[in-house]
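Given only the sequences and the hints, what does the whole structure look like? Please build it.
If you're matching positions, the sequence shown starts at 37 in this note's numbering and goes up one per residue.
Hint data in this document are derived by calculation from the structure and do not stem from the laboratory. These figures come from a predicted structure and were not determined experimentally. Heads up, some of the hints might be wrong.
[Said to hold, decoys possible] Here are the computed distance ranges between Cβ atoms for each label pair: (1) LEU142 x GLU84: 17 to 25 Å; (2) VAL146 x GLY85: 16 to 24 Å; (3) TRP149 x CYS120: 16 to 24 Å.
The beta carbon of each residue, even a glycine, is placed where N, CA and C say it ideally should be.
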Amino acid sequence: AVHQVLIWIILFLLDCGMRSFACLVLCFLGVSAWFQPPVRSTWQWQLEGVIENRFNVSVYDVDLYNTHQSTIDSLHAAGHKVVCYYSAGTYEPDRPDSNEFPESVLGNPVIGWPGEK
Numbered sequence: 037a038v039h040q041v042l043i044w045i046i047l048f049l050l051d052c053g054m055r056s057f058a059c060l061v062l063c064f065l066g067v068s069a070w071f072q073p074p075v076r077s078t079w080q081w082q083l084e085g086v087i088e089n090r091f092n093v094s095v096y097d098v099d100l101y102n103t104h105q106s107t108i109d110s111l112h113a114a115g116h117k118v119v120c121y122y123s124a125g126t127y128e129p130d131r132p133d134s135n136e137f138p139e140s141v142l143g144n145p146v147i148g149w150p151g152e153k
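Right, dumping it as structure tokens:
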């Protein structure tokens, strides 16, 4: 639970353009650096279904909640970097943290995504 809060804080800071402050928070937590893909990195973006590691790419972008740790470990073992999709700005009713959003903080519906706010 604590790591989820820290992720939320760091994502919020990054989303608000406060990269330097996010770096300070990470350094305070003992994280000296994080992966920043080079400009011409190759990507496989797959947010659902069985993740296929057959692609000759340097980075996989997978869903934070729907990707099992063993899949991420397998991708790492194959030499891939892995980043995770996470919606820090919306309520998604099927996510494991959805019960933590009080009704008072839910905004307007997200067009094209039923149930999201």
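Hints, one by one, checked against the model:
1. LEU142 x GLU84: 17 to 25 Å: About 24 Å separates the Cβ atoms of LEU142 and GLU84, which means 17 to 25 Å holds.
2. VAL146 x GLY85: 16 to 24 Å: 22 Å, holds
3. TRP149 x CYS120: 16 to 24 Å: Roughly 19 Å apart at Cβ, these two residues keep to the hinted range, so it holds.
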